[in-house]
Every structure is written in structure tokens, then in C-alpha cells.
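There are 2 protein chains.
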Amino acid sequence: MGPIMRKSLLLAASLAVLALSAAPVLSQQTATTQADMEKTFDTFISSAEMDGWMKKMAAEPNHVGSPHDKANAEDTLARFKAWGWDAHIEEFQVLYPTPLKVQLDLVSPKKFSATLTEKPVPGDATSSRTKAQLPAYVAFQGDGDVTAPIVYVNYGMPDDYKALERMGVDVKGKIVIARYGQGWRGLKPKLAQDHGAVGCIIFSDPRDDGYSVDDAYPKGASRPAQGFQRGSVADMPLYPGDPLTPGYGATKDAPRLKREEAQTLLKIPVLPISYGDAEKFLGAMEGNVVPPNWRGGMPITYHVGGTDAAKAHLVVKSEWSLKTAYNVVAKMEGSQYPDQWVMRGNHHDGWVFGASDPISGHIAMMAEAKAIGELAKTGWRPKRTLVYLSWDAEEPMLLGSTEWVETHAAELKQKGLIYINTDGNGRGFLGVDGNHAFQNFVGKVSADVTDPQTGVSVGQRQRAGAMVVGATPGASERSKAVAKAAADGKDIPLDPLGSGSDYSSFVQHLGVAAMNVGYGGEGDSGGVYHSAYDTYEHHSKFVDPGFAYAAVLAKTTGRMVLRISETDLPVQRYGDFADTVSTYLDEVKTLATNKREAQVAQAKIIAADGFRLSDDPKQTSGPPTPLKVVPFFNFAPLDNALVRLKASAATYDKTLAAKGAGLSADVKGKLVALAGKTEQAMTVEPGLPGGRGWYKNMIYAPGRFTGYGAKTLPGVREAIEDERWNDAETYVGLTAKAINAYADSLDQGVALMGGPSK
Amino acid sequence: MGPIMRKSLLLAASLAVLALSAAPVLSQQTATTQADMEKTFDTFISSAEMDGWMKKMAAEPNHVGSPHDKANAEDTLARFKAWGWDAHIEEFQVLYPTPLKVQLDLVSPKKFSATLTEKPVPGDATSSRTKAQLPAYVAFQGDGDVTAPIVYVNYGMPDDYKALERMGVDVKGKIVIARYGQGWRGLKPKLAQDHGAVGCIIFSDPRDDGYSVDDAYPKGASRPAQGFQRGSVADMPLYPGDPLTPGYGATKDAPRLKREEAQTLLKIPVLPISYGDAEKFLGAMEGNVVPPNWRGGMPITYHVGGTDAAKAHLVVKSEWSLKTAYNVVAKMEGSQYPDQWVMRGNHHDGWVFGASDPISGHIAMMAEAKAIGELAKTGWRPKRTLVYLSWDAEEPMLLGSTEWVETHAAELKQKGLIYINTDGNGRGFLGVDGNHAFQNFVGKVSADVTDPQTGVSVGQRQRAGAMVVGATPGASERSKAVAKAAADGKDIPLDPLGSGSDYSSFVQHLGVAAMNVGYGGEGDSGGVYHSAYDTYEHHSKFVDPGFAYAAVLAKTTGRMVLRISETDLPVQRYGDFADTVSTYLDEVKTLATNKREAQVAQAKIIAADGFRLSDDPKQTSGPPTPLKVVPFFNFAPLDNALVRLKASAATYDKTLAAKGAGLSADVKGKLVALAGKTEQAMTVEPGLPGGRGWYKNMIYAPGRFTGYGAKTLPGVREAIEDERWNDAETYVGLTAKAINAYADSLDQGVALMGGPSK
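Protein chains in written order, with this note's numbering: chain X, 1 to 758; chain C, 1 to 758.
Be aware that one or more of the hints could be misleading.
[As the list claims (entries may be wrong)] Once the Cα atoms are required to be at most 16 Å apart in a straight line, the calculated EDC-like pairs of lysine to aspartate or glutamate come out as: (1) X/604 x C/488; (2) X/219 x C/597; (3) C/484 x X/597; (4) C/219 x X/333; (5) X/484 x C/597; (6) C/56 x C/75; (7) X/480 x C/170; (8) X/377 x X/333; (9) C/604 x X/488; (10) C/480 x X/597.
[As the list claims (entries may be wrong)] Interface residues of chain X toward chain C, partial, derived using beta-carbon atoms under 7 Å: (11) 293; (12) 295; (13) 464.
[Unchecked claim] Derived DEER-like restraints, expressed as beta-carbon distance ranges: (14) C/650 x X/594: 20 to 26 Å; (15) C/319 x X/113: 53 to 59 Å; (16) C/589 x X/283: 38 to 44 Å.
Derived by calculation from the structure, the hints in this document are not laboratory data. Ideal placement from N, C-alpha and C gives every residue a C-beta, glycine not left out.
With the hints as constraints, model all of the structure from the sequences given.
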């Protein structure tokens, strides 16, 4: 799904940079060897070759079930084998509906039928290959044929429904029309359904990724008038993967839920449309003029609608058979620690041609695999086992990776050290989300890769970007903190992992450490995201001309893989994790305080009849629903766990720095294996509440109401946000349990090293 | 010019509300009499009558020099006389250019001629009276005939030119095209001229007051595609009024500068255009795609231009003769204190029909004058002299009021207690800008006028609005502070007076206290501001249906006039002024600190080559100009003056509360007269630096680079902003001198009362 590519400079700048203070993880001898090997590795990375791979892989539509998607898997398999890898295709049988009929008409005040197809654009030969394309649709919406008045719901997020309520507009029995953005796609129809809507239309507003941002493709990179965004609307916050096999692999003979039993399937029909079509619908609506933050970029006045003035007819019928997902699994066995796995993956399925998303990341992974194969030809072998993974069926909702992880869960928990993910790539700044024990490690890698546009390291460029962003008027507190870290020579925080790509089941279901890596912030593929215009032509002209950053990505993730594969000692620095979790706890406490103060402030206004008195009687129907009184929470278990974690982390880091190099090979190997397990301490049964037990990580999760966006300390944070006070209490305990288990594991490591130094 | 009507709820909510703690200014006896009189006064206010007056006054174009403008003055004169006032017309001969030829063409890449006229809209009979209308123009721009490439400069403010520089775009020899907003109109061509541009086009972007905001007129209140905003571009920050007679009255025989000598006349040609026309020009431009905060609401990608791709031909030729301005001056002599004047004004000239701006305020003033006349018919006489002023030639740059004030400066400084201004009116919340010694007085008035939409006092409604705005997520620190004041039952700060209406010469040139009063924040006339669609039809449908708020305004300003006219003791509370100036000094110190820190942060980035390294090489031409090192300033003279002011104010307020009622009638009268003089202590020679010596008030001024927007402690604040370190030092001294003189005057008052109480 490639969200990392869409990160702005602001986000990109908040990522890790060159670390100046570091534990001496590699001995001088090892470091020299490693540096030489990386230098050799780099010589095998070829932008021209990646260009050719993309041209071929993105030549035809490659969605799940398409012939070209299967061909790409087979081609990837053949290449991995030719490069010396032990590779095979592992198949899963997954539910994946494809559209049989999609139709959307404006039926009043005048007739208009939405186009729902993306016509070719001049100068882009790929876009003319329309035959195998699927029309406008989203995956896992309901079948239906409905006619109803339409209501504009802005981004369709919870606050938007509160605003609608104050305007006296109800979506019950109506079709909502929401714009893309500000929250994950799938939440829009889910919330619409929860509020009683019978259908949902999602459009791409030109203000968000169309002509307001840049010239429309093909003149510029932005979304053209007939481009729309496909995607999945499965209820990912419950669980990703095959809707019919929650928590276990969708192998051929696995038991399956009936379709009606699957909790992640939406019931109402949903279609994505272009702004070319959307203007006809929004332009026909009446009712209240929208509030300022609901305005978009079309040359019309946006109205809320909901009246009988504008009605739409929406039809979706899908073909619901199981389809085969083809994961390519390639291994190179470790010479010293074959049961310690370093994993690396990128998906190969796209929504149409998928040049930027996902092929631009896939070709970097291929370049690494080829280069590692070349190293292997010289007789070299990795110390640990490398597992390269070309996933299928990521787009519908991480089906390929989730089913594979669920199938191999026990082995992965035993052997997995880390999973390094990419999902497309762009131009600009390195962005890394991941487990914070790896923050220092990422900083070191970023110091050793050269940025092609400036000639300095990608870490130094990140640092420069962070300083500039933090000094910009109006910069957020977070940006200012990141800028200060950059200026002070400290590591800059990694961002936490949310969802939207194949790392999810590793880190959030099993607890195996993960990272998501990509370059972005300059140029952008946002305007063609999940459309038929995400082509080789678009990518090579606007996103990564000359495939310069494809090479940089391969060098970055290649180094990550090879350093963890070859290290003698753990690359983690646990003080970073402890400090980060500490800031998360501060945030949660502030959240509770702010929410409490907001309730008190609102109660004062209500007592003074302030809403009625200040409201424009021509605009508003009544005061807002009173907020719930927010109790004080017992955060002591978390406070105590953090004190312990900080102490254990400090002891571990100090002891490793002092004693690490002198340890026996056996102990070193055990320490690295233990470090793989330590991260898994974050997972606690029964996982998150509210039917979200698949998510077991108490530190990192995608948000129930943010979708891809991460929520840290999710059990506690979301309980407070959603006003589930009992859950807050319960999850303070469960989260403290996870943190204590993590500290236990660190203490075990210190014991392995023969006790604390000094 | 009516800026107060355009205040959002956010601004409106920051104004004074019901004061709960107050010095007992009126004795019980007087209060009862006063309340009875006000009740009687209210019975003479008729919405229906005001409706009729507007219909007549706004029936034909009424710009300076038009027959209908003169007829309105004569009609107003006749009415005042009929209502029992001693009225006359006082004429001035002012420079006021009117367009002989205006022309704007796109000459490449294709030909297009801007319409520059506002065609009638259906359902608005007034808009069809196009005969006497002037075409698109702004007042006091230069004559010229230029052809050049066009450059889009966003809002055309100083920061925009810095951004252009970083993009490598120069406006020298080019025609700039700027959108209205974010800074006063006249600054746009002035800054363009200063940067070497040969012409300037200003357009109304639909995102700011067109279809993005509301349906276009006549369906809704917003600016239609062919509507444009006229206005003055005289260099008002130097001095307002007739450009040829700076500092003295433009009487018939006054000496006059030659046109070439007048500092406030622009040299380059300027035209305002509609978004219907602007889209043709902006759509034709090439060059960089604009940064996000430069995007507007037209359905095109905005480019910076500056290349030869798009060229325009701009012609302006004006007729430069003197025109007659007709001020109506109406007096009702005071029975007890004829030499103490309470002044009240609103202008009568508009840009076209001027229904909202200015007639909607003018009719309220007329209603007051009529009601006072009715009171007078019963034998009642005001204790102090009332002076009602119907100004001409406000729109070109406060010509009528400035020339009158300059002509009568000595008498006004002697007799003037206060000038109360209105300049149009809308629906919603009371908004008052003014001298802060009147904050408590305004709060009391607002507690005694009933809001027609809610039935509570306009003060209580203000308070409710302030609380709601302050509790809104993302509220500014200022809004939060205002909300807290509202919730705590304290007076809410008045906003300081900037410029843009006829109070300017009173408060900023003479130092006579002033207020600007209006209702707004619900519905809006912004979309037809200074256009041919500001008509009776538009105003009565969208701005103030039923003229309910015209009546409320008359009751509000009528009370202000009558309470100051009839009071025994000063209505001022000086602690409010002292506290307010103290917060202004805090702001100025913070400004210096922030500016210093910004320079230090930027220097660090430059030292790290951070701008070059973080810039997108495809977007940016080079690093920004280094900021100047900011020295530390000696604020001690201001700190000391404020300590003194606070002490003197506290003593005065306390003594007045304790002893006031028991003073002799003679002393009471002298105290009120002295209070009129006290405000004048804010003026100090030689006034503001940089050719702005006309502005003599050291506390309140319009900003050099904000135009209408106020700068408080302007001598110091703007010196720091503009990096004139020596001026900062000098004006700390001059401002302290003003504050000390103010404190002297308060001490004199205490002495008059026989020394401090207790």
C-alpha cells in the first residue's frame, strides 16, 4: 500500500540520522571486513537494471488473480533461483472479491452516470493497456443496489459525524460521499455503516492530490480528473489477512468461516470515484454550506446535502470466489546461526500496474538479492539465514504476508530476529518506522549511504531536513524536538509502526521486530496512488528519475540485512526504547488531562447555555452532546514498570559496551538470539480489546480510528480516547506486564554476560 | 471601508463583555434617570425606517464626486436639521483620481481581455444600474501603459518576496499578480513597486471570498465570478487624507503639494480583477508550481510564472482633478458642558452602491440622531455637546474625516472627549476596538442591549461566543485567554485601533480617544466588499435581514454617546489600560527573544549547510538571506514607566470609586474634561519614524506592513520587526515618555479629587 512513500518532508525529517554516540558493536576487525563487503555489495546495484525490471513487472495490470501478477511471482522465483537462492512459491487460498458490476448514477436533480474507468493519457503507453484493468472498486465492500439522498461527510471521520449532528443532518438510510484523506480509507464506509448509511462513495478531492497540488498527469504528477483511488475497505483494525481464516493460515484445506461470519467484511456497497465525477454529485447537492475545514478544491460551493434534492443510485456486485496468492519465499542459509533469521520483504501485487506501489520497492529488494547472490558466488555465506519474501495479495489487506506469518508463527517466534519491509520508494529523505531498540542501528546505517542529490550521507541529509523543518514558523512541537535532536547530534526518533504494509503481522501479531523503510518527500506519487496512472512512465518521470533512489534504497536495506546477519553482538540499544516508551506514557497522561479539561470547559459552557447563545441560529441545530466526565487513572503500574525498564536497559547497554567484545562466540550468539525474543515480550494475551485480540503488541498498533496511523501504548491510549474507563485500568496492567517482561529479558541478557559491568 | 464587519466570530468573540466588577460611576439617582432616558431613546429606533433610508441612499452609485453622493450628503443634512440639530456641510477640495482608461489584456500565450466590469445579476435590480458606476480601478495608483511577463506573488506580502527569492524569481520589470487578503490592499502594489515591478494586478480568489466560502451571489452571499474589489492604494501607513495637504486641512485655498511631491501616491499602474478574469491569467502561467500556502481555489494548478510564457498588457489613465468632499457636521450643544464634545460618525460615500459599506452603519447613526432629536423635543438637552458627523470621501483614504480633523485640530484637542465610529454593520456579535480605558464602560453598555436572536444581552452573547471559541480545538492562546476572562466574569479586552476607517486621525494623529463599533460574525458581506453587488438587495437578504442588527447598533452606540454625554464622573477605568499596555510590552519582549532565537537557529543551519542539503534541487535556487543578529535591548525605561502607570492608575480608580460621588459639580466636570486630555498624552513628537510622523500615538498605530491591522507600542515593536535597532532604542524612550505623561495626568486627577483615598 506504500504509505511511507507519501510521507511529507515534515515526516521524513523526523526520522533517524547519523548517531554520534554509539556502543562499539562491531570490533575493528569485523568493521573493516563488513565495510569492504558492503562496498563490494554496492558494485552490484544497478539503476539501469532496476529500470528494466520495473518496465517488465509494471507492464500489465498485476492485481491479485491476474495472469501478470502470477507471472511476476514466477519471474521473481526464477531470478532468485538464478541468483543462488533456495526459493519456492508458497500458495494461499484467500477470499478476494472482484467486481462483476459497478454503477453509480446521479438520479436527481438531473441524470448523470459516473465514468468509473480511467481512460489512457497521452504520452503514457502503459495507461492505454486498459483491457485487463478492473473498474472502480474497493475490496471487501458489500454487494448492494441502493438509491438514496446523498450526504457529504467531509473525510468521514468521527468528528465529522459530530459536526453533522450539530447541523441536524442524519445519514441514516442515505448514501454518504466522503473525500479521501485524514483517516484510513476503510474507516469511512465502516463509520458510515455504523451510522446507518446504506452506501458510501469516496472521492479524491483535487485539493488533496489533484490540480491544487501539482499539474495533473501527464503534464505534472498529480491526479487527473478521471483518476480514482482503489483500495481495501476490510475492517483491518480488527485483523488483517484473509477474512475467512482469522489467526491461522489460509492453506488449501484450512477450515474457513462462512462469508456471513467474517467480521472484517463490510455490509454496504462502496465505490471510489474521481473528482471529475464527484463534481457532478457535490455540485447538485443542497442543504447547509459546509464549515470551513470541510471545503475542497473543486470550483463549487460544497453543501452538506441530505435533502431529497440530490439522489444517487449505487450498485456493486462482486464475484466472491477464493483466489490464489503466490508468495515467493527465498532463503540463503546461515553458516553459523542457521536458526536466526533476518527477513526482508516487499509485495509484488498492485491495484493496476503498480509501478510506484509496490514495484519501486520490489526492484530494490531484487537488486539486494542479486547482489547478495553475487557475494555468495565468491564463496561468502551469511552467518545467519536470510529470508527474502516477495508477497502477493498485500493490497486487499496484507493477505499474503499475514497468512504466511500465521502459518509459520511458531517457527518465526523461534527464529525471527527482524523483518525489514519496503513498499515502494520515492525521491528525497530516508524515512524509517520501526522498533525503537533499532534507532541507533538505523542512524549508523544512514551515515554510511550516500545521497545521490547532495553527495552527503542520507543521514546527514535527514539531519539537515529536520533542522530546517523545525525552524520553520508554525513547526509542531514534535518537529522542534526532532530538530533539536538533529542539531545536538543525537539520534532522531524512529516513527512507530502502524499498519498498511506487510510488517504488521510480524510486529503486532507475533512481536517480532520490524522496520519499514523508504525514501520520499520530494516529488510524489500521491496523485496516482492506487490508480491506473501509477505507471512506469509516471514513476520514471516524476517519482524517481534515473532510479537513483531505488539504488539508494537497495544500499540502505541491504546494509541493514547484512549488518544484522553478520553482527557478532546485538545491534539494539535499549535505552532508546525505554526513553521512547517513557515519552509515550507522558503523551497518554497528557491526553487524559486534556480530555478532562475539555470536559470541564464544555460543562461550564453548557451550564452558561453558551452553545445556544453563541450559535448562529441559521446554521446550527443544537448544542453538542455533553462529554463524559474523565476520571483520574492509576498510572502507577506503568510508572513503576518504566523505572524498571530504564534501569534494566541502562545496565544492559553499559554491560554490552564494556564486556561485549570479550565474550565467547557462544554467548555472543545467544545474546543475539535473545535480543530477537526480547521484542516479543511486548505481546501479551488476550491482545487488544473490542474484538481486536489479533493485535497483541502492547506498545505498537494501528489505531482503531486512524487505520494505518500508529497508536502507541494502544490498550491504554485508545481506552482513554474512546472513553472505556475499565479498559484503561485493565490495559495499564497488561502494558506494565509487557514492559516488565521486556525488562526481565534484558536482565537475562545481563546475566548471560556474567552480570553487570563495574 | 468597514473592516469591522468582516471580523470572524473568532475576532468578535475577543471583545468586551458584561463587566461584573465596576466602579460606581453613576449614582443611583442618575442611573435611574439614565435608564429611563435610554428606554425612551429605544422607542424611537425603527428598523423599518432604516430599511427605507438604506434603500434610498444605496439606490445609485455614491462614490466621491458622484451626484448621488452629494445628494446623500444634502439629504442627511436636511434630516439632521429636521430632527433639531444645528447642521451644515463642510466642504474640502481633495485630490481624487477617477479612471479615464483601464485595460488589461493577456497578450501571450493567447489573447484575452479582462472584462473589468460587473454585469447585473438576476434578482438584484440595483446591480442593473450600471450607468454611473466606475469600472475596475483602485484609487491613487499611477498612470501607465506596460507590457511584461506576469509573476504570481501570493498575497504580495514581505514573506512572499522572500519565498520568491528562494525560488529564484525576480519581479523586476514584470507585472505582479497578487491575491487579496492577509495584508492591506495598498501594501501589495507598494511592495511590488519597491521590488521593481512595473505593474500590479490584484484579484479576489474564490478560496478567500468566492464560491469556496458560500454560494456565489445571488444564490448565496459570496463574490460572483465577475465581482472585484475596488479600494484605495494610497500609502496610508505614511499618512491618510488628501495626498496634497499632509497634516493640514484641504480647504479651498490651502497650499498644496504638486502631485509629484506627494509621498503617498503610487507610481505604477494597478487594477483589481475578478476571479473570472484571474483564472485566464493564472491558468496561462508557467514556472515553479507554487508552495502549498500559495494555493487558491480556482480549478487550476497555480504557477509562479515570471517566464516569457505569459505576458500581460496593463493600462491605467486617471483624471486627476480635485473633487469636493461633503462632510455633514451636526451639533447639539451641551447644556452644562458645551465645550466638552462627544463625537459620533460614519461615512456616507461608497465604492458603488455601498449598502453594507458604509450605509448599514450610517442608517444606525441616523436613527440615533433622530431619536436624540425626539428626546430634545421633550425639552431634554444633553449635558455635553454632541457632534454627529457624516463623512465624505472615506473610501479613497479617510479624506473627509482627516481633512476635518486636521482643520479643527486645536479645537478638538481642547474639547474632544471621544469619537465613536461605525462603518457598516452586520449580524452576530458585538465587536469593539478602542482605547482600553473604556473597556469597562463598553462592558457595561453591552450588558444593557438585547440581542435580537437570543434574547440575552449582546454582552452575554459575546461571552458565550468567547467561551465556545476558546474551547475549540486549535484555539489560539489569545482566544483561550479571552475565553478564560469570559468564564471568570472579567471584562474581555477591547482590540486596539488600527486603521481603515474615520477614527484614525482622532486617535492616532491627535490622541483623542476613539472607538470603532459594529456587529458581525454571522452571515457576511465579505463576498461583495467594495463591489457593485454590495446592494440593498444583498444586504437585506444576506447580511442583516429585517435590519434587526441596525437597530441593535443604534441602541449600542446611542447608549455610548448618551452615557458619556450625561455622566457626572469619568467613565474610564485606567487599570485596564495599564494592564493592557503591560501585556503589549510582554509581547514586544517575546518578539525580540523569538527573533533572536530564530537568527541563532538559522545560523546553525547555515553553518551546517543545512538549507542546501535539505532543499529539493528541483525546486529551490539557494539558501535564504541570513537573518540579522538581534541585540539585547534596554527595556528598562518602559518597565519603569509601566510600574508608575500601574500605580497611578490604581490610585486614580480607587480614589474615584471612593470619593467621586461626593465631589463638587465643578470638580466632577473638570475630571471629565481632564480624562479627555489624558488619552492625548499618548501622542509624542516627532511621531513614528520613517516618514510616518503624522502618526503620533505611541500606543496605537496601523502597521507599516499590516495596513489596517494595529501595531501596539508601534515605535518599539516595528523597529524590532524591521531591524532598525537604533529606532528601537529611541522609541523605548519616547514611548516611556508618553506613558509617564499619561501617569502624570492621572496623578493630576487624583490631586483634583483632593489626593488619594485612605
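Right, here's what the structure says about each hint:
no. : hint                      : result
1   : X/604 x C/488             : holds, 11 Å
2   : X/219 x C/597             : violated, 42 Å
3   : C/484 x X/597             : holds, 13 Å
4   : C/219 x X/333             : violated, 73 Å
5   : X/484 x C/597             : holds, 13 Å
6   : C/56 x C/75               : holds, 10 Å
7   : X/480 x C/170             : violated, 32 Å
8   : X/377 x X/333             : holds, 14 Å
9   : C/604 x X/488             : holds, 11 Å
10  : C/480 x X/597             : holds, 13 Å
11  : 293                       : violated, 10 Å
12  : 295                       : holds, 5 Å
13  : 464                       : holds, 4 Å
14  : C/650 x X/594: 20 to 26 Å : violated, 37 Å
15  : C/319 x X/113: 53 to 59 Å : holds, 57 Å
16  : C/589 x X/283: 38 to 44 Å : violated, 52 Å
Checked against the numbered hints above, the structure violates hints 2, 4, 7, 11, 14 and 16; every other hint is satisfied.
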